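Student: Here's the letter readout for the chains.
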Amino acid sequence: MSVRVLVAKVGLDGHDRGIKVVARILRDAGMEVVYTGLFQTPDTVAMAAIQEDVDVVGLSMLSGAHLTLAPLVVEALRQRDSSIPVVVGGIVPNNDVADLKAAGIAAVFGPGATDDEIVGAIMSLVQPIE
Amino acid sequence: MEKERAYDRWSRDYDAAALRRPSFATMSGIEVDPVYGPPDGEFPGVYPYTRGIHASMYRTRLWTMRMFAGFGTAIDTNARFRDIIAAGGTGLSTAFDMPTLLGLDSDDPMSLGEVGRCGVAIDSIDDVRDLFREIDLSKITTSMTINSPAAIMLALFVAQAEETGVPRSRLGGTLQNDILKEYQAQKEFVFPPRQSMRLVRDTIAFTAAEMPKWNSVSVSGYHIREAGSTAAEELAFTLANGFAYLELAREAGLSVDQVAPRLSFFFNAHIDFFEEIAKYRAARRIWATWLRNHYGATDERSWQLRFHTQTAGVSLTAQQPENNLARTAIEALAGVLGGTQSLHTNSMDEALALPSEKAARLALRTQQIIAHETNVANVADPLGGSWYVEALTDEMEQQAESLFAELMDIGGGSMLEGCIGGIEQNWFQSHIAESAYQLERAFNRGDRIIVGVNDFLDGNDEADLELLRITNADERKQVTRLAAVRQRRDDDAVRRARERLANEAADPATNLMPALIDAARAEVTVGEMMTSLAGVFGRYVEVPVL
Numbered sequence: 001m002s003v004r005v006l007v008a009k010v011g012l013d014g015h016d017r018g019i020k021v022v023a024r025i026l027r028d029a030g031m032e033v034v035y036t037g038l039f040q041t042p043d044t045v046a047m048a049a050i051q052e053d054v055d056v057v058g059l060s061m062l063s064g065a066h067l068t069l070a071p072l073v074v075e076a077l078r079q080r081d082s083s084i085p086v087v088v089g090g091i092v093p094n095n096d097v098a099d100l101k102a103a104g105i106a107a108v109f110g111p112g113a114t115d116d117e118i119v120g121a122i123m124s125l126v127q128p129i130e
Numbered sequence: 001m002e003k004e005r006a007y008d009r010w011s012r013d014y015d016a017a018a019l020r021r022p023s024f025a026t027m028s029g030i031e032v033d034p035v036y037g038p039p040d041g042e043f044p045g046v047y048p049y050t051r052g053i054h055a056s057m058y059r060t061r062l063w064t065m066r067m068f069a070g071f072g073t074a075i076d077t078n079a080r081f082r083d084i085i086a087a088g089g090t091g092l093s094t095a096f097d098m099p100t101l102l103g104l105d106s107d108d109p110m111s112l113g114e115v116g117r118c119g120v121a122i123d124s125i126d127d128v129r130d131l132f133r134e135i136d137l138s139k140i141t142t143s144m145t146i147n148s149p150a151a152i153m154l155a156l157f158v159a160q161a162e163e164t165g166v167p168r169s170r171l172g173g174t175l176q177n178d179i180l181k182e183y184q185a186q187k188e189f190v191f192p193p194r195q196s197m198r199l200v201r202d203t204i205a206f207t208a209a210e211m212p213k214w215n216s217v218s219v220s221g222y223h224i225r226e227a228g229s230t231a232a233e234e235l236a237f238t239l240a241n242g243f244a245y246l247e248l249a250r251e252a253g254l255s256v257d258q259v260a261p262r263l264s265f266f267f268n269a270h271i272d273f274f275e276e277i278a279k280y281r282a283a284r285r286i287w288a289t290w291l292r293n294h295y296g297a298t299d300e301r302s303w304q305l306r307f308h309t310q311t312a313g314v315s316l317t318a319q320q321p322e323n324n325l326a327r328t329a330i331e332a333l334a335g336v337l338g339g340t341q342s343l344h345t346n347s348m349d350e351a352l353a354l355p356s357e358k359a360a361r362l363a364l365r366t367q368q369i370i371a372h373e374t375n376v377a378n379v380a381d382p383l384g385g386s387w388y389v390e391a392l393t394d395e396m397e398q399q400a401e402s403l404f405a406e407l408m409d410i411g412g413g414s415m416l417e418g419c420i421g422g423i424e425q426n427w428f429q430s431h432i433a434e435s436a437y438q439l440e441r442a443f444n445r446g447d448r449i450i451v452g453v454n455d456f457l458d459g460n461d462e463a464d465l466e467l468l469r470i471t472n473a474d475e476r477k478q479v480t481r482l483a484a485v486r487q488r489r490d491d492d493a494v495r496r497a498r499e500r501l502a503n504e505a506a507d508p509a510t511n512l513m514p515a516l517i518d519a520a521r522a523e524v525t526v527g528e529m530m531t532s533l534a535g536v537f538g539r540y541v542e543v544p545v546l
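In order, the protein sequences belong to chains A and B. Residue numbers in the first sequence follow our numbering, run continuously in steps of one, and reach 130 at the last position. Residue numbers in the second sequence follow our numbering, run continuously in steps of one, and reach 546 at the last position.
Hint data in this document are derived by calculation from the structure and do not stem from the laboratory. Check the hints yourself; a few may be wrong.
Label pairs and their in silico Cβ distance ranges [what the hints assert, rightly or not]: (1) A:ASN94 / B:ALA493: 45 to 55 Å; (2) B:ILE470 / A:ASP43: 20 to 30 Å; (3) A:SER83 / B:MET408: 46 to 56 Å; (4) A:SER83 / B:ILE135: 49 to 59 Å; (5) A:SER82 / B:THR90: 54 to 64 Å; (6) B:ARG539 / A:GLY30: 27 to 37 Å; (7) A:ASN94 / B:PRO167: 45 to 55 Å.
Note that this is a predicted model, so its numbers are computed, not measured. In this text, a Cβ means the ideal position worked out from N, Cα and C, and glycines have one as well.
Please construct the entire structure, taking both the sequences and the accompanying hints into account.
Tutor: Okay, structure coming up:
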């Protein structure tokens, strides 16, 4: 069975170039990709992730609100007893990566992350290397 | 007049123009002409304006170095505005925060984390009073970069100015108000396309009748390009949107010559130097030709495409960010050689954060170096006549024309219907997403080198720049300010203003501006006005295509 990924935009950030390109890269790598569109909330993302039974949630964040919103998505999933890993891609300063990881974000992809890095990181979250 | 030779017309206008300096020479003292080319060729300031819209171009006046700013609360931005004016600035350019751009109040749950972050937060006329406190709005032009709630922001601005005794007829400035590109690229939409276009129509008609110094729409390709389009797509989609607004205004009973001179354009300056210059040259030629031949404009000002340029945010890299100074300088130079009327240069740290003060200053210095050290502003259209640039200009025009033909097909002969239909059918969005994907493929294959990202990586592990950090303190301040407004205002007046707004929204023949201005005076918030309108108009939900 192929890996299923929900890619999502949370909050008011309308920049959707990156999420659409990454969605196609993941598809090219054989994954099934669900995109729920713009202006989602942490709750709608968590509900969609559980309903669609995805393996990973990928958030695309370019407005600077990642430290506020990304942890809320993790929290919304955990409140629903889901352990689906959450990754973040977009404009994230290096200084913020540790804070995001501390808040339960499994991986962060900054500007310039390659296709292989993104695909590889998602695969390793789905099939943890012992 | 029709038969006057381009050279004679140019020379008459050039001789009448005031010049910045008595003579123009190279660094080594060689006197240079205002423009070069064969006497029977094209000249700047003469139809079809491929070479520029003014006969003397930058010899009379350099482009406007318009730097976009706004942050935190209205009081913070007001202080910045007053600094700009004290330093001799004559134009203000307002950046709004994302909740304001989407018509949400600062206390809306969706606004969490975004208040005052990317611009100033405006919830009601109370904030507009603080934003322009002690600024004489009859003496300054104000540009407002806002789209979905553009009519509401205009209403707030007019109501506030009139409170301070400045009549609407004396207000000068520009509203971005380009809703079509929101559905196509920037994605800050609220209402469905047709209902949004009704608001654009109302602002165009209102400003044409009552605000003679106001530019009603800044037709923007910048965001289309940032979203991933090619140069030719940026050119074609932007001009098509411009044509659509003309047709919209015509439906409201306005003539092309009443509206066209009040439209301005906003283009991207990306990193492919010559392609960008060709794009600006083609834009002027296409606009002039279509306005004269297709839309029957007879006023020369209608034929002249005026544009603002901003360097490409997407060309900036987080890796070795100082390299972005070089990228921005090259892009800015393309804008200048392409004949832009105004220019914003991005800061080197913008792939990482909002610009620090130092990075923003370096960005402005880049323009000043181009303007005052390089002498490139001495000659109009210096690349005109280059076989390469002329061929690229023709190619840009041809690609744009074939995209126009597709849109005319979609719209059954109407560009207005073509643009709305193209949005509804995801035609624009698919074009842009496909071009973005192809560019990414080329990068991933290594066919496209980006210095510091997929090659020349030495230095990537150096320490980060000093970045601007924004806290959530402004958000709490703004929410408190808004609560005070809700507390003290007259609830009956608010209710009546909102009822009138909803009633008039239900009648498509009514111009909504008077009702919006009344609502602004009654201290109805931006979010409340948007909610009242959404009750009638509905809200747009994009069905995304991957």
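Student: So which hints don't hold here, by number, going up?
Tutor: The structure conflicts with no hint, since it agrees with every one listed earlier.
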